[in-house]
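If you're matching them up, the sequences are chains C and Z in order. Read in order, the letters of the first sequence correspond to residues 86 to 235 in this note's numbering. Read in order, the letters of the second sequence correspond to residues 86 to 235 in this note's numbering.
None of these hints come from the bench; they were simulated from the model. Computed from a predicted structure; not experimentally measured. Honestly, I wouldn't trust all of these hints.
It does not matter which identical chain is meant; a pair holds if it fits inside one copy or across any two.
30 Å max Cα-Cα, derived DSSO-like pairs, lysine-lysine [stated by the list, open to error]:
1) K211 - K102
2) K211 - K113
3) K173 - K211
4) K225 - K173
5) K102 - K225
6) K227 - K102
7) K211 - K133
Protein chains: 2
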Amino acid sequence: MPRVTVATERKVTDLLKRQTLSVTESRKRILQLFLDQPGALSHGDIEKKAGEVFDRVTIYRTLQTFVDRGLIHTIPSADNAVRYALCKDECGDGHHRHEHIHFVCTQCEQTFCLDEVVTPVIRLPKGYSTDQIEILVQGKCKQCTAAMRR
Amino acid sequence: MPRVTVATERKVTDLLKRQTLSVTESRKRILQLFLDQPGALSHGDIEKKAGEVFDRVTIYRTLQTFVDRGLIHTIPSADNAVRYALCKDECGDGHHRHEHIHFVCTQCEQTFCLDEVVTPVIRLPKGYSTDQIEILVQGKCKQCTAAMRR
DNA sequence: CCGAAATAGCAACATAGTTGCAAAAATCTC
DNA sequence: GAGATTTTTGCAACTATGTTGCTATTTCGG
Chain C
86 MPRVTVATER
96 KVTDLLKRQT
106 LSVTESRKRI
116 LQLFLDQPGA
126 LSHGDIEKKA
136 GEVFDRVTIY
146 RTLQTFVDRG
156 LIHTIPSADN
166 AVRYALCKDE
176 CGDGHHRHEH
186 IHFVCTQCEQ
196 TFCLDEVVTP
206 VIRLPKGYST
216 DQIEILVQGK
226 CKQCTAAMRR
Chain Z
86 MPRVTVATER
96 KVTDLLKRQT
106 LSVTESRKRI
116 LQLFLDQPGA
126 LSHGDIEKKA
136 GEVFDRVTIY
146 RTLQTFVDRG
156 LIHTIPSADN
166 AVRYALCKDE
176 CGDGHHRHEH
186 IHFVCTQCEQ
196 TFCLDEVVTP
206 VIRLPKGYST
216 DQIEILVQGK
226 CKQCTAAMRR
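Modelling step: build the complete structure from the supplied sequences, incorporating the hints.
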């Protein structure tokens with residue numbers, strides 16, 4: 086597990102304070118994990134990476150708090166393992182705004198937010214109304230495709 | 086739980102035989118549950134409806150078998166409760182073909198397949214390839230919207 | 001640095017999912 | 001349609017996942 090440097094320590098602290106959250110060791114570390122890598126993390130992933138340091142319950146509660154405050158958002162899955170990823174600035178206390186799609190790589194099994202791909206409008210039959218659209222694309226990601234060519 | 090009539094008994098038996106599956110009580114009953122209602126079912130739903138009759142393990146295994154044989158397909162969710170719904174005829178042993186979207190009603194909390202809404206093409210950034218697209222729309226369904234107007 | 005408020009850890013529990021194995025049921029064969 | 005073979009079921013035991021109440025600890029405002 087990468088040591089939290091002074092620079093990143095500052096960054097996570099700022100992020101937490103911006104959401105008026107108390108700055109605690111577990112919150113800093115868990116936020117750090119998200120910043121350290123590009124993909125989404127499940128509760129299990131985090132438990133593997135920080136489970137020896139923090140209690141399982143703390144991780145559950147921290148993730149819930151982050152979702153509530155708009156720091157991270159959930160990504161549905163087909164395997165009973167909801168994942169979480171960092172939100173952009175538009176999300177805040179009590180509300181989420183996401184227009185991007187999610188990509189699940191069948192090779193490295195990571196899940197990514199593809200911020201540059203905007204969710205299309207979906208025309209529903211008469212009588213249905215839309216609150217939110219979630220798009221999950223499964224395939225091979227950039228990194229894995231590049232690795233194959235070598 | 087509705088009694089399995091002679092007519093529907095015939096139907097589920099035919100469906101099972103078409104997939105060269107042995108026709109057993111649990112398989113008939115679980116398939117029946119899917120035919121009896123329009124929405125998708127989670128493992129938990131099925132356990133509530135047939136759990137006194139069949140063992141939990143049997144339900145898990147039956148659902149897995151049905152997915153493998155292309156009788157039902159999974160629908161991802163944001164709440165760690167994967168749901169299952171009947172497939173159309175195009176699915177078979179070892180392969181699934183689905184072009185429709187899934188709709189989650191925030192009111193009745195049911196999940197439906199909207200067969201008439203085709204998944205759009207999603208243009209991904211360079212380097213990504215697509216195997217499968219899953220679209221989950223959350224909102225209010227036809228029935229609930231109609232009920233509100235009364 | 002102190003006190004109030006928020007958070008973390010623990011324990012205990014509830015639910016969800018898996019595996020191996022023996023008994024029972026379904027299918028096949030004649 | 002009876003018996004042999006194969007498949008499926010149920011049980012037990014286990015692992016993993018998620019929740020709640022309570023107390024100790026930490027954070028933060030003054």
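Taking the hints in turn, this is what the structure says about them:
In this assembly of identical chains, the alpha carbons of K211 and K102 never lie at most 30 Å apart, being 45 Å within a copy and 37 Å across copies at closest. Taking the shortest Cα distances, K211 and K113 never come within 30 Å of each other, neither inside one copy (47 Å) nor across copies (34 Å). With identical chains, the CA atoms of K173 and K211 are at most 30 Å apart between copies only, with a shortest distance of 22 Å across copies and 33 Å within one. In this homomeric assembly, K225 and K173 come within 30 Å of each other (Cα to Cα) both inside a single copy, at 24 Å, and across copies, at 27 Å.
Taking CA atoms no more than 30 Å apart as the test, K102 paired with K225 passes in neither setting, with 37 Å inside one copy and 36 Å between copies. Proximity of K227 and K102 under a CA criterion of 30 Å is satisfied in neither setting, with 34 Å inside one chain copy and 43 Å between copies. For the homomeric pair K211 and K133, neither the shortest alpha-carbon distance inside one copy (46 Å) nor that between copies (32 Å) is at most 30 Å.
Hints 1, 2, 5, 6 and 7 from the earlier list are contradicted by this structure; the remaining hints agree with it.
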